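Colleague: One-letter residues, chain by chain:
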Amino acid sequence: MIRLTITAMLASLVGFAVGPAHAQWPEKPIKITVPWKAGAGAVDQMTRQLQKTVADNDTVGQPITIFNIGGPIPIGLRQAKDQDPDGYNFVVMHTAMMTLQAAGKIDFGYRDFEPVVRLGQFCQTTSAHKDTGIETLDELLDRAAAEPNTLVHGANLGAINHVYGIMVEDLRDGAKFRFVQTGGDAGTYPEFKGGRVQVAGFSAAGASNFALGADGMADPESPVRLLAYAGSERHKNFPDVPTFVELGYDFQFCVDGWYFAPKGTPQEAIDGFAGMVEAALADEGMQSFLDSKAMVGAFQAGSELHAEMDRQWEAIAPVAARAATK
Amino acid sequence: MIDGILGTFTLFQLTFILVGVFSGIVVGAIPGLTGSMLIALTLPLTFHMSALHATTLLIAMYVGSITGGLITATLLRMPGSPAAVMTTLDGYPLAKSGQPGRALGLGITASFIGSLFAWIALATISEPLSELAVKLTPFNYFALVMMAIVLIASVAGGDVIKGLVTGFLGMLVTFPGIDPSGGVVRLTFGTADLIGGFKLLPVLIGIFAVSQIFADALNMRSKPEPLEFSGRGMFMSLRDMKVQAVNLVRSSLVGTFIGILPGVGASVGSALSYLFARLGSKTPEKFGKGSEEGIVASEAANNATVGGALIPLIALGIPGSVTDAILIGALTIHSLQPGPLLFSTNPEIVWNVIGVYFVATFVMFTLMLGLIRFYVRISVIPKSYLLPVITVCCVVGVYSLNNTMFDVWTMLGFGVIGFLLERAGFNLGPFVIGYVLAKVAEAKLRQGLMFTDGDITPLFTDPLSVAMLLIALLLLVWSLSVERRRTRSATVKVNESTGP
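In the order they appear, the protein sequences are chains E and L. Here the first sequence stands for residues 1 to 326, numbered as in the working numbering. Here the second sequence stands for residues 1001 to 1500, numbered as in the working numbering.
It is possible that some hints are incorrect.
What the simulated footprint calls covered on chain E by chain L, stretch by stretch (three residues with Cβ under 8 Å from a Cβ of chain L suffice, anywhere in the stretch; the number is not a length) [claimed, not checked]: (1) 154 to 163; (2) 185 to 193.
Cβ-to-Cβ under 10 Å is the rule here; a few derived chain E residues that face chain L [to be verified]: (3) A40; (4) G41; (5) D44; (6) N68; (7) I69; (8) G70; (9) I75; (10) G76; (11) A103; (12) N149; (13) T182; (14) N209.
Hint data in this document are derived by calculation from the structure and do not stem from the laboratory. From a predicted model like this one, the values you see are computed outputs, not experimental measurements. Glycine included, every Cβ here is placed at the ideal spot set by N, Cα and C.
The shape of chain L in the complex, shown without the other chains (with noise of 0.2 Å):
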């Protein structure tokens, strides 16, 4: 193991980290420009390189990447990669108020220290953590959804009602396409580009990216408010440690643990660590207003996805996530099979994965603290100049993914809806929750009562998902009656201002 992260250190391996967490943090950086999409483009000029050197510059892209993304959601509200979607709901408020130094700083530290988290489990106990996750069944992915998607509720921003219209619309537009379970085509009213639905990519840049957009260019009149930077708060003090500890172990270990998961991936990670640490907090009330525990939630959980993505990756040869798949398909072209055996055959490549993620992570924090005064200046770049940068690359981008036109249709579609919706007073963060959950909660429900031949009870029989269901009732009933509570109280308010 220890020759295996040694073995990072060769200057030409160094240059390998280097490039591939620049070039990682400035794609996820761009709105509409993705990690995995990256590393697909980077995929044939490896073939001349060695196995070692490919999957090198492959995994620092990768983590490059899935930090890149908080800079934008911070400073511009428009996430560069759909795993940064949390962020932007409490990473712009807080930049907004003055902040923007404090607010990327949280974020920086918290990818970091999320990062290390999953390093640790990737590197210690990847091999009893997988056996675990295969142990897992169907239902029990489908409680543990059960329990994030109640807490739409929540996060509706004050107006229950409202939340639960955007959660449900977020839901609505994953049924078109083929089916996640039956392979059945359904709801694409005969348009043969529907077959695939509405993909996560273009709904959550249009979602988010766009309709932020849309909304910059009509303001574009009145005069830019440049965000005063001020380097204070960008390190996380010892006593932000302290105060943010359990909200930082509790996101990395949630973010770790989804990544571990196929198929669930980093969106599902930070949303589900962002509902735990809200409901975890003192001020649930500051989410979505610029709370910080907000920013550390998201940003240690869609890090720690990461390497918990790598974990099955390693130990069993299952892609945790789509990314992983293509880092699968890197290997196959050097002649290495991932898999159980992979451990025993080529051990130099299996500590190579696990080193580099460890030195990239490193790598990463240095140049996102390094380069935090060069950036925050994306904020008082004229919106004239930066808002047809932007559309360029969500079209370029979002076009690349597949390669179809259909893609970007969507995403200015979503985009025009995701203005409207904002413009009416609906918040968009349920209709993200919604939408990422909904697929994974009906692909695994559905598995589930394959499996027992259409028989649900073990759902309530089962210890696990039992336990978990109880857990989303109760937080259900908690969230709503805490809703009440607050609305009531603030209507009293509003009687009492404008009472006679």
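Okay, chain E solo, but in the shape it has when bound (with noise of 0.2 Å):
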């Protein structure tokens, strides 16, 4: 209860924030730019969240429009970054956008862009399959360090899980997964299922749906054996599963969702998107929306996002260069 009336405060503080820039930015509606199909993907859900909040509430007095471009997201970022600076553009991203271009798919970055704000984010987990009989991450890296490239891990080649798997066998020195393309969550399932997959990093929603039963407790019945959560502390989903720091593992790996608009817009817009994203946050259906999808608000903007950015990019990089030519 405190906490709630303590969000409210805020959310009304915030209000008083956004004012002033209020009279000036928007004066009309809002367009999104989704790199990618409609409904796909938790994160163009939490962009129609954002908007159904936004209108609710009446938060900035102008309506968001979502526009998808289908296709890979090459195609529909690059038509994003083109865009007028006029503040009215803004395109929805997510960790792709480092691992597109450090695996050379796209020719900018996101320092072609003005980052806006980060709403939300989800993370990682390792899993791996019962039949296995590994029922921790320690298990799971000697078993990849002692028969190197026997252990199939499921990704989408060149992308976000692959990157992330990567990373994970990097922990330990000689562990080597076999990854195989079979797509993210819900293509990674059935083969997970199958036995052909013996590994994999769920998102946090993913491994919830596939682990634990309908009480939210571990499901028997589920072939997942959840090892590891690469958030910073553990979700309330499945609270037994230990973070891979608490494992002594210096490892963190969250797929953030960013607003970013194209360079040049003016700052008043940039700020008052960034104020609008925080005041939408404080609604309780984007709460609910949030962890529906097993994430967590995480509002960020100005210096400290740009910072957060560059962090990532050096983390993910090289990895992701790794990832394209395996």
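Reconstruct the complex from the two isolated chains, following the hints.
Modeller: Right under this line is the structure:
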């Protein structure tokens, strides 16, 4: 209850702070480009929830329109980058901004945009098939080091969950998984269930969905054994699963949902958009949406956001470049 | 379960189903506009509905749209949606021969029965079926596709060489873009837009609908030949049912099963079942020239894939098709997590999906048959009015699929290619088969090789794969020898008639 009151107070404060900018920005509908198909993935849905929340609460007095550009991400992302920086064009993107650039699939990157705000994030997990008999992360890494290139790790090659898998194997000298193209959570799970994939890096939402029973406890019928969670603290959906840090590894891996604007967008619009997102995060509907996707609200803007992106780029770029050539 | 189905009979629910199926049929019938697009566009409207009503509307649209495609496929030789491509091959010739009512009626009834079959599977054996589907290895998929791909030779329409050429051309078109296994960009020649490759909708609508628009436009001077409508044969008689029984059951089963397999799709389902029907037919030579079996096979199967695709969605939370992926999006917007848990956490939603699918199938059947008299008139509208409208729909539809102009250029380009190929006497059937199957074949073979670290022997030691590959080989030999015999007898006849 106290927490709710505080969030409500914060929300009103934010409302206040956005107040003055209100008069100038926005004067017309705000367009957000999603560089992939409508309805697909947590980050598209997050943007739709933002649209709904902002409309329901009349946060900025103007509606948000969402424009999905299908096909692989580079196509839509390039179009978004070249849009008019008039303060009404934005694009939503996640960690793939880094992996795509490092793999050479786009010849531009986050520095060619104006980073605006981070709304939320979800973190990855590492799981092993119960048939392998592996029960802890250390056992997994030991096995991967003792018998390199035998444990099959499902992934979308060259993409985020592949980069994640490589970073996990890098935690132990000589450990190597055999990466196989299975796609994201939805594509990997059938292969996992069929027993062909032994290791997977599901998102927290995927892990909750595949490993837990209706009562929220680990499902004995499920083939998925969760070994570690790459967030900063344990996830409330599976409180028994330790974090990598607890297990003695200095490793975190979360996928951020970021909003960008084309280079040259007025600062007023950037601040206005960030304020709008911060206000939306205090909304109950937004919170329950994030909960349902096993995501957490993680507001970040300004210089902190820039610094965090630089940090991620340094960590991810070399691995993503390796992933692209594997 | 009964509750779930009865629940769909409230007036409010029925209105949603009616609206959904009707709009689905209309959108499905218009070349270029597809069901998944309709569903994606409706998605924001459902935010303000309850989860129950949202799923009702979307499922009804799904059922309507997959059926609507047969209308234009049959009457204009322009598939309303990619899944109806195989229907054009026989539906149009049959309609042209003065039996449009019959051609449509067969397609509609087959759609209905295919849908019902898949519903039975969905309502009764979802779980074991999905369990079975996840047991299949990538090599099994590959062998399955090989079985179908060799049949390109037999749909070539008399000229095996020409059939192979168009078949390979279809395969070639799948190569550019990000490759399905390694995620490596290939054959884009530096064009950023080509990263996405040539996509299914623009290619198929281009090859079939746009090429037909070109051909029709050139023939505009010649007098239109209005199709004589007679209601005769619109309803399948008991005798028809008996004749088509095996075909109906086989096609529905093929469709349902292909639907269950993630990432394979309705186009492959109808292509496969068409090939099997031709194989099992006593009159295979009629295929492509107005075969009733061909229409039945294609339509029963493409409708069955819808029900089939809902099976892994409900049992495992895995989308069986692109449209399913959007449905999952719709569910999560309403804070529902599709997956193995959905049955225990939100049983009412699951039974609602199953119930709605059932009711929508009947609504679809009634609407399609009831409106047959109206849409047969499409064929008497002067082409000078009809073609511009269809062209606009194709362009708008293909553009809005991904919101990129590149897809529109792709469609127009393939329209020209399709037109030229037909002019040169190439049959377009093998092109579709090559195109839709090569993608799956490549992805599965390479995925299989990754699993085995490059070892191909399991493909030849696994009993299921071996069986399918052997069948593929037999089919190849058999169809080539049949074709050869046919060509020889044709040549003999020609010689006799032209001889001194």
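Colleague: Less than 10 Å between beta-carbons is the criterion; does G41 of chain E satisfy it with respect to chain L?
Modeller: holds (8 Å)
Colleague: Could you check if I69 of chain E really has its C-beta closer than 10 Å to a C-beta on chain L?
Modeller: Holds - the Cβ of I69 of chain E comes within 10 Å of chain L, reaching about 5 Å at its closest.
Colleague: Are N68 of chain E and chain L close enough, Cβ to Cβ, to be under 10 Å, as the hint says?
Modeller: holds (6 Å)
Colleague: Using 10 Å as the Cβ threshold, decide whether N209 of chain E counts as touching chain L.
Modeller: The hint holds - N209 of chain E has a Cβ within 10 Å of chain L, the shortest such distance being about 4 Å.
Colleague: Next item in the hint list is G76 of chain E. Is there a CB on chain L closer than 10 Å to its CB?
Modeller: With a minimum Cβ separation of about 8 Å from chain L (threshold 10 Å), the hint on G76 of chain E holds.
Colleague: With 10 Å as the cut and Cβ atoms as the points, is T182 of chain E at the interface with chain L?
Modeller: holds (7 Å)
Colleague: Mind taking a look at whether chain L covers the stretch 154 to 163 of chain E? Criterion is 3 or more residues with CB to CB distance under 8 Å.
Modeller: Holds, because 4 residues of the stretch 154 to 163 of chain E bring their Cβ atoms closer than 8 Å to Cβ atoms of chain L.
Colleague: Given N149 of chain E was flagged as interface, is its beta-carbon under 10 Å from a beta-carbon of chain L?
Modeller: holds (7 Å)
Colleague: Can the hint on A103 of chain E be confirmed by a CB-to-CB distance to chain L that is less than 10 Å?
Modeller: holds (8 Å)
Colleague: Does the nearest C-beta of chain L fall within a distance shorter than 10 Å of the C-beta of G70 of chain E?
Modeller: holds (3 Å)
Colleague: Answer holds if the nearest beta-carbon of chain L is closer than 10 Å to that of A40 of chain E; otherwise answer violated.
Modeller: holds (6 Å)
Colleague: Establish whether the coverage given for the stretch 185 to 193 of chain E by chain L is satisfied; the threshold is a Cβ-Cβ distance below 8 Å, and no fewer than three residues must meet it.
Modeller: Held - the stretch 185 to 193 of chain E has 6 residues with a Cβ nearer than 8 Å to chain L, which meets the minimum of three.
Comparing the model with each earlier hint shows no violations; every hint is respected.
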